[in-house]
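**Q** Each chain is listed here by its residues.
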Amino acid sequence: MKSPESNSSVRDVVWPWDHAPTAVSGRPLWQRVLIQMCVMGAIAGLFFLFDKPGMTYFIGGLAVIFLLLAILAPLAYGRKEAWLRRFAIWVGSALTHLLLLPFYWICFVPARLILSVRRIDPMAREFPAPTDTCWHAHSSRQGKDTYKRQYS
Amino acid sequence: MKILGISAFYHDSAAALVIDGEIVAAAQEERFTRIKHDAAFPSQAVRYVLAEAGLSGNDLDAVAFYEKPLTKFHRILQTHFSVAPRGWRSFVMAMPLWLKQKLWIPMEIEAALESCGATREIPLYFPEHHESHAASAFYPSPFERAAILTLDGVGEWATTTIGHGQGNDVKILEEMRFPHSLGLLYSAFTYFCGFKVNSGEYKLMGLAPYGEPRYTETIYEHLIDLKSDGSFVLNMEYFEYLSELTMTGAGFERLFGGPARTAESELTQREMDLARSIQEVTEEVVLRMARHAHQRTGESALCLAGGVALNCVSNGRLLREGPFDTLWIQPAAGDAGGAVGAALCMWHTLNDAPRSADGIHDSMSGAYLGPEFSDSDIEQFLQAKGYPATQMTGAEWADEIARRVDEQQVVGLCHGRMEFGPRALGNRSIIGDARSPQMQSVMNLKIKYRESFRPFAPSCLVERVSDYFELDEPSPYMLLVAQVRPDRCVAPDESASLRDRIHQVRSDVPAITHVDYSARIQTVDRTTNPAYYEILKALEKRTGEGILINTSFNVRGEPIVCTPEDAYRCFMRTEMDALVLGSFILDKSQQPEWDEKDDWRNDFQLD
Ligand SMILES: [Fe+2]
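Those sequence lines, one after another, are chains W and D.
No gaps in the numbering here: position 13 of the first sequence is 13 in this note's numbering, and each next residue is one more.
No gaps in the numbering here: position 236 of the second sequence is 236 in this note's numbering, and each next residue is one more.
By construction, these hints were calculated from the structure, which means they are not laboratory data.
A couple of the hints might just be wrong.
What the hints assert, rightly or not - Cβ-to-Cβ under 8 Å is the rule here; a few derived chain W residues that face chain D: (1) Arg11; (2) Trp17; (3) Leu75; (4) Gly78; (5) Met123; (6) Ala129; (7) Cys134.
As the list claims (entries may be wrong) - Derived list of chain D stretches under chain W, where covered just means 3 residues or more per stretch with a C-beta under 8 Å from a C-beta of chain W: (8) 80-87; (9) 203-217; (10) 364-376.
What the hints assert, rightly or not - Below, in silico cross-link-like pairs of lysine to any residue (SDA-like), each with a Cα-Cα straight-line distance of 20 Å or less: (11) Lys144(W) / Asp352(D); (12) Lys100(D) / His11(D); (13) Lys102(D) / Thr96(W); (14) Lys148(W) / Lys171(D); (15) Lys171(D) / Thr96(W).
For clarity, every value in this text was computed on a predicted model and none was experimentally measured.
Every residue gets a Cβ at the ideal spot worked out from N, C-alpha and C, and that includes glycine.
Assemble the whole structure, with the sequences as input and the hints as a guide.
**A** Put into structure tokens, the structure is as follows:
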């Protein structure tokens, strides 16, 4: 068998086994900690402005704990970040579902009612089919520009 | 002109690169991410196809996405308008992904190209889903003119189309529309029999010969109103896929005497009979559609694409009984092939360039369109890792592999360019002796870790195909099923139990003879894959038989291996005896102990 020439760009893209693992993208630890401290400081400041000393101390205390964790145990801080990220995704997904569900009932259920009253079925579910054939003519394309559109 | 084709976000995402009408590279994303049927945007596949041609994003003239996302979105909204208040579950499941990604495909593509060095805007085109399938079926085919049939689950609205290809022009003439879909009908039975939708369909096809067509009449009576021209409507009272996250529900359970089989539970005669029945219905539908396509176009050749075109049993029947003299099936018939089709469609549409077809050779390069690795790259890897190997070249290399196969060893092959599409065609394959009565069980249980009923396919020398099978034409992509020649077969023991039937010796090539004496054939010719051809030739010289078992190089649930490193890992995890990496041959007994902390089977979800 004949061996191919080495295509280094393919090898680098597909099989970079001898390269050091790429660092996880994102900011360095100190920047991440700084951002978190600023955000928590701002929240604590808002509570202070609105005269909520309990919450101010709670948020401030948490910020101090996170700061110490980042300094003394950076690995544990990383784990905490990963956990918070998962939690945020879960909250985001729960919120999306909470918003989409009422939207579905408000928009789709009335639309279905209207379709039912007008006896329109976009899915053409009549069974058996009322026609001799179920083939439909395909609408032919009108010029190259139709390919630039994301819709037919 | 350099056109990048992309398919994504349903299953089997892929990228393909077409330069001046020639398919230069194509690969599925799953091979790089190691996630089976990966549907994510194919960033790594895009990077690979550009690297293969030594291009950066800026060198591209156009990008073609394989469908029209907004039309598809319209269909999804219409579906929910039609079923509300049911359907809310699938709505809240589907919408976040649409809102986050699928409605912003131009941005996704732009970001991927930026990461490949693009600093300017590349024109973006959107052919229709079935137009991409049709283009993938006709343009690379050997025919100057042909009828085209595309059959799948669903694209935007179309589920099946009949088209006509002439020269450099493809016209879609007729279509059937969602929810009436042959692909979804077959998937419903796949689901009901306890296999995964979009990946277990070929298991259902493999199960069919064990059953009787006991439910065929029930299917015609209750589920499908089939017209003489092959078009049909489904009785949606029995299907749940419009409104739920499942394919079937209580209606199916009533009709077929009980609940759907749960995954991994024991297969019963009911599932086998269901598999056989839906297979017969599918074949009948495809035959009628083909006759209609023949009438509409008057052509003598047919091109096929779409997921249903991977049903090689139905393809074999179409070739034997259909009105067409000849057939060409896109090897990446599923959605991955849409990437190739979209790029070719735009090449011919934008350039009106002439297309040459000689009636014999296709332009898929044997589907060897993926990455390959040089011997120097492999040698560096082996040395760095301390894996002992012997380098051989030419006839010595082929003889050594043939010797091992003859001595009942199971050999992994990772050489040359990786295959595009679902089939391993000799470059990322596991091979064994087709004459061995034990080899099917050994390979299923010790190498692939998969269900024991599943058959293996043969690779055979193209010039000897009719010595083994009732087929006298090439089947280079393993997409045709034919019977093993009767003079090679042994009469069945009808009284045997299912378990015994699986292990019965049915022919003098028992490892590739399915329970119904059929085989899913790959023919190998010297021009398309000289190295694999030489292995078969060496085996023929040694044993008199130019045939072997060819199964994909992976374990159950794992994508086919891509790199030598993937191959080595799979080799060490299983009970394979030898591994071929380029011109290097590795013996299992000489390898250092393989140490893995966790159970590697957890890495892959069972398919
Ligand atoms: Fe498709």
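**Q** Now tell me if each hint is right for this structure.
**A** Against the structure, the hints come out as follows:
1. The restraint placing Arg11(W) at the interface with chain D holds, with a minimum CB-CB distance near 5 Å, inside the 8 Å limit.
2. Evaluation of the Trp17(W) hint against chain D yields a held restraint, the C-beta minimum of about 6 Å falling below 8 Å.
3. Violation of the interface hint for Leu75(W) is found here, the shortest Cβ-Cβ separation to chain D being roughly 19 Å, above the 8 Å cut-off.
4. The restraint placing Gly78(W) at the interface with chain D is violated, with a minimum CB-CB distance near 21 Å, outside the 8 Å limit.
5. Checking Met123(W) against chain D: minimum C-beta separation of about 5 Å stays under 8 Å; hint holds.
6. A cut of 8 Å between beta carbons decides the hint on Ala129(W): the least distance to chain D is about 4 Å, and the hint holds.
7. Satisfaction of the interface hint for Cys134(W) is found here, the shortest Cβ-Cβ separation to chain D being roughly 4 Å, below the 8 Å cut-off.
8. Beta-carbon proximity to chain W at under 8 Å applies to 7 residues in the segment 80-87 of chain D; the threshold of 3 is reached and the given coverage holds.
9. Look at the segment 203-217 of chain D against chain W: 0 of its residues bring a Cβ nearer than 8 Å to a Cβ of that chain, fewer than three, so the hint is violated.
10. Given a C-beta distance limit of less than 8 Å, the hint that chain W covers the segment 364-376 of chain D holds, as 6 residues qualify and 3 suffice.
11. A threshold of 20 Å between alpha carbons decides the hint, and for Lys144(W) with Asp352(D) the separation of about 11 Å falls inside it, so the pair holds.
12. Straight-line distance between C-alpha atoms of Lys100(D) and His11(D) comes to about 18 Å, which keeps the hinted pair within the 20 Å bound.
13. For the hint pairing Lys102(D) with Thr96(W), the CA-to-CA distance comes to about 16 Å; that is within 20 Å, so the pair holds.
14. Among the hinted pairs, Lys148(W) with Lys171(D) is consistent with the structure: their alpha-carbon atoms are about 18 Å apart, no more than 20 Å.
15. The straight-line distance between the Cα atoms of Lys171(D) and Thr96(W) is roughly 42 Å, outside the 20 Å bound, and the hint therefore fails.
Figure legend: structure checked against the earlier numbered hints; hints not met, in rising order: 3, 4, 9, 15.
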